[in-house]
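So the sequences go chain by chain: F and Y. Number 267 in numbering that gives the first Met the number 0 belongs to position 268 of the first sequence; there are no gaps in the numbering. Number 75 in numbering that gives the first Met the number 0 belongs to position 76 of the second sequence; there are no gaps in the numbering.
Simulated from the structure, these hints should not be mistaken for lab results. Be aware that one or more of the hints could be misleading.
The list treats identical chains as one, so a pair stands whether inside a single copy or across any two.
As the list claims (entries may be wrong) - EDC-like, lysine to aspartate or glutamate: derived pairs with alpha carbons at most 16 Å apart: (1) LYS280 to GLU206; (2) LYS260 to GLU232; (3) LYS7 to GLU60; (4) LYS114 to ASP58; (5) LYS210 to GLU180; (6) LYS280 to ASP204; (7) LYS56 to ASP42; (8) LYS25 to GLU83; (9) LYS26 to ASP5; (10) LYS141 to ASP214; (11) LYS4 to ASP51; (12) LYS172 to ASP207; (13) LYS254 to GLU266; (14) LYS280 to ASP218; (15) LYS183 to GLU206; (16) LYS79 to GLU46; (17) LYS260 to ASP239; (18) LYS56 to GLU39; (19) LYS254 to GLU265; (20) LYS260 to ASP214.
If you're wondering where the values come from, they're calculated on a predicted model, not measured in any experiment.
There are 2 protein chains.
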Amino acid sequence: MKLSKDKKILIVGLGLLGGCYAMALKKQGFSVFAITLSQEDVDYALENGIIDKGTTKVDEEIIAEADIIVFALYPNVFKKWIEENAHLIKSGTVITDVTGVKECIVYDIQSRLPKGVEFISAHPMAGREVGGVQNSDDKIFKNANYIVVPTESNTQNAIELCKSLGETLGFAKISVLSPEEHDKMIAFLSQLTHCIAVSLMCANDNEDLVKYTGDSFRDLTRIANINDEMWSELFLLNRDALLSEMDAYRETFDKLYATIKNGNREEMRDMMCTSSVRRRKFDKKN
Amino acid sequence: MKLSKDKKILIVGLGLLGGCYAMALKKQGFSVFAITLSQEDVDYALENGIIDKGTTKVDEEIIAEADIIVFALYPNVFKKWIEENAHLIKSGTVITDVTGVKECIVYDIQSRLPKGVEFISAHPMAGREVGGVQNSDDKIFKNANYIVVPTESNTQNAIELCKSLGETLGFAKISVLSPEEHDKMIAFLSQLTHCIAVSLMCANDNEDLVKYTGDSFRDLTRIANINDEMWSELFLLNRDALLSEMDAYRETFDKLYATIKNGNREEMRDMMCTSSVRRRKFDKKN
Numbered sequence: 000m001k002l003s004k005d006k007k008i009l010i011v012g013l014g015l016l017g018g019c020y021a022m023a024l025k026k027q028g029f030s031v032f033a034i035t036l037s038q039e040d041v042d043y044a045l046e047n048g049i050i051d052k053g054t055t056k057v058d059e060e061i062i063a064e065a066d067i068i069v070f071a072l073y074p075n076v077f078k079k080w081i082e083e084n085a086h087l088i089k090s091g092t093v094i095t096d097v098t099g100v101k102e103c104i105v106y107d108i109q110s111r112l113p114k115g116v117e118f119i120s121a122h123p124m125a126g127r128e129v130g131g132v133q134n135s136d137d138k139i140f141k142n143a144n145y146i147v148v149p150t151e152s153n154t155q156n157a158i159e160l161c162k163s164l165g166e167t168l169g170f171a172k173i174s175v176l177s178p179e180e181h182d183k184m185i186a187f188l189s190q191l192t193h194c195i196a197v198s199l200m201c202a203n204d205n206e207d208l209v210k211y212t213g214d215s216f217r218d219l220t221r222i223a224n225i226n227d228e229m230w231s232e233l234f235l236l237n238r239d240a241l242l243s244e245m246d247a248y249r250e251t252f253d254k255l256y257a258t259i260k261n262g263n264r265e266e267m268r269d270m271m272c273t274s275s276v277r278r279r280k281f282d283k284k285n
Numbered sequence: 000m001k002l003s004k005d006k007k008i009l010i011v012g013l014g015l016l017g018g019c020y021a022m023a024l025k026k027q028g029f030s031v032f033a034i035t036l037s038q039e040d041v042d043y044a045l046e047n048g049i050i051d052k053g054t055t056k057v058d059e060e061i062i063a064e065a066d067i068i069v070f071a072l073y074p075n076v077f078k079k080w081i082e083e084n085a086h087l088i089k090s091g092t093v094i095t096d097v098t099g100v101k102e103c104i105v106y107d108i109q110s111r112l113p114k115g116v117e118f119i120s121a122h123p124m125a126g127r128e129v130g131g132v133q134n135s136d137d138k139i140f141k142n143a144n145y146i147v148v149p150t151e152s153n154t155q156n157a158i159e160l161c162k163s164l165g166e167t168l169g170f171a172k173i174s175v176l177s178p179e180e181h182d183k184m185i186a187f188l189s190q191l192t193h194c195i196a197v198s199l200m201c202a203n204d205n206e207d208l209v210k211y212t213g214d215s216f217r218d219l220t221r222i223a224n225i226n227d228e229m230w231s232e233l234f235l236l237n238r239d240a241l242l243s244e245m246d247a248y249r250e251t252f253d254k255l256y257a258t259i260k261n262g263n264r265e266e267m268r269d270m271m272c273t274s275s276v277r278r279r280k281f282d283k284k285n
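If we strip away everything but chain F, and leave its shape as in the complex, we get (with noise of 0.2 Å):
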């Protein structure tokens, strides 16, 4: 089932995210309505053309009038919003999220909506420092990744739709996981690596350093300016496996900690010629 331009669809949070999906899908001509906490949101998207109409209330017509609803909203807000207002979704409605945390909240929402609705998940693994809509640019999508995350009671269609709304927003890659395997895989490659950017960063506090920084320090911390009330809410959502990756990163680090410590200089050699293959290969374009 692909995503034809007759759809209507809804964002419910428009932050930078959400506002990114309304940018994209606008442009594609589709008709595009929101539901977000503030009025001055809502305005700059109405006088920018991000969206076709918007409001702060939970309105039922234009619920009722969407056959797609993207939430772009942290999980636990999300998940509330489904306990309050599930029940106004209509039969038909195919609806969707950008949540960077799976199992935890998936099954969960599945089991709550009403007959004839249906959430296929997704994960779209792009993102910016600043957060608002006043922020979003659809060109963070181009050589990104998304990530449709289905359960076994989806059905082929939604997952479908799904691949499709994620080719139609301009990401260069769609893939398919398990919420089991996303959050292991989520673990690793991106909650792992802000543990460590925002350790390294507390770990100093000499500001002089500024002026001597080069290009890899700059790089390794740049995800160290952190939104702390949407990460910790990820990190705890999804806690056994990062912590699980937290301690074999830990094990690595304390493996070269002792190779440098002993003077043991073949197995630091070794552990850098494992480390330059393997990195290799995420220079490949995708």
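For chain F, the structure is supplied; the task is to place chain Y on it using the hints.
This is chain Y only, laid out in the frame that chain F set:
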């Protein structure tokens, strides 16, 4: 003492950095000579107008003709070269280097030079993930930092000349640090970051992750493709400073780990805020 255009400059070691020095200096009209191991590199540099003359031998005439000698060698190779050939350097010559560790080499080399020859050490904080004169590109100096690393035995004249060399090469910022300050700074900003990137790549061998990865992982591990011969030498030559920075970092990593394990969201968010505030200072243009 400004670096005047009539100075003849000899580069010993025509690898990536030596090649960048030669390229930048030739463009500005200096006479540039080179001594390096491989005839292929000499030929390449001559054919591409990067040097005026070059040789694979320790040529007494070229050494005597040079006013300034830049050693772009690995630290231990540099030391060995000086032990064997220092007597060939004529009085009045100023020598400098590009070495990434200082305390363990600067004093030693200064003590081995003939009378009238002065060694003023420097660290150009620029590089690429690829080596060799064939990959040289003097654009890497733009926006980069150049650190002059004098000891008490250096003259003001040589310090000024070395600063002037950094400006001529096109560095954005020239700083001065003692060898001890330099090594502590480099342990944190450069060596620790390389240890982190290598450890992270060694912690997980799942090649499939390539297709899900986002920019944060790619940026954080860019330096994990590492020259194992050079970096293992640099790590061991700066062992105490590096181990101490690794200890401090592991302490904050463990602290963050504990906040996740114990669900202590407030402390986790405090660390993220500290991290964000500090990281934003590194966004500033120098």
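We went through each hint and held it up to the structure:
Proximity of LYS280 to GLU206 under the C-alpha cut-off of 16 Å is restricted to the inter-copy arrangement: shortest distance 8 Å between copies versus 35 Å within a copy. Proximity of LYS260 and GLU232 under a CA criterion of 16 Å is satisfied inter-copy only: 13 Å between copies versus 37 Å inside one chain copy. Proximity of LYS7 and GLU60 under a CA criterion of 16 Å is satisfied intra-copy only: 13 Å inside one chain copy versus 80 Å between copies. In the homo-oligomer, the alpha carbons of LYS114 and ASP58 never lie at most 16 Å apart, since the shortest distance is 20 Å inside one protomer and 86 Å across protomers.
When the C-alpha separation of LYS210 and GLU180 is checked against a cutoff of 16 Å, the pair qualifies only between copies, where the shortest distance is 13 Å, while the shortest distance within a copy is 42 Å. With identical chains, the CA atoms of LYS280 and ASP204 are at most 16 Å apart between copies only, with a shortest distance of 11 Å across copies and 34 Å within one. Within a single copy, LYS56 and ASP42 get their C-alpha atoms as close as 14 Å, which meets the 16 Å cut-off; across copies the closest is 73 Å, which misses it. Taking the closest pair of Cα atoms, LYS25 and GLU83 never come within 16 Å of each other, the shortest separation being 29 Å inside a single copy and 71 Å across copies.
In this assembly of identical chains, LYS26 and ASP5 lie within 16 Å of each other by CA distance solely inside one copy; the values are 14 Å within and 60 Å between copies. Proximity of LYS141 to ASP214 under the C-alpha cut-off of 16 Å is restricted to the inter-copy arrangement: shortest distance 12 Å between copies versus 24 Å within a copy. In the homo-oligomer, the alpha carbons of LYS4 and ASP51 lie at most 16 Å apart inside one protomer (14 Å), although the nearest pairing across protomers, at 65 Å, exceeds that limit. In the homo-oligomer, the alpha carbons of LYS172 and ASP207 lie at most 16 Å apart only across protomers (13 Å), although the nearest pairing inside one protomer, at 41 Å, exceeds that limit.
When the C-alpha separation of LYS254 and GLU266 is checked against a cutoff of 16 Å, the pair qualifies only within one copy, where the shortest distance is 9 Å, while the shortest distance between copies is 28 Å. For a Cα distance limit of 16 Å, the shortest separation of LYS280 from ASP218 across copies, 14 Å, qualifies, whereas the shortest one inside one copy, 19 Å, does not. In this assembly of identical chains, LYS183 and GLU206 lie within 16 Å of each other by CA distance solely across copies; the values are 14 Å between and 35 Å within a copy. Proximity of LYS79 and GLU46 under a CA criterion of 16 Å is satisfied in neither setting, with 30 Å inside one chain copy and 69 Å between copies.
In this homomeric assembly, LYS260 and ASP239 come within 16 Å of each other (Cα to Cα) only across copies, at 8 Å, whereas the closest approach inside a single copy is 31 Å. In this assembly of identical chains, the alpha carbons of LYS56 and GLU39 lie at most 16 Å apart only when taken from the same copy (13 Å versus 72 Å across copies). In this assembly of identical chains, the alpha carbons of LYS254 and GLU265 lie at most 16 Å apart only when taken from the same copy (13 Å versus 31 Å across copies). Proximity of LYS260 and ASP214 under a CA criterion of 16 Å is satisfied in neither setting, with 27 Å inside one chain copy and 32 Å between copies.
Violation of the numbered hints given earlier is confined to hints 4, 8, 16, 20; the remaining hints are satisfied by the structure.
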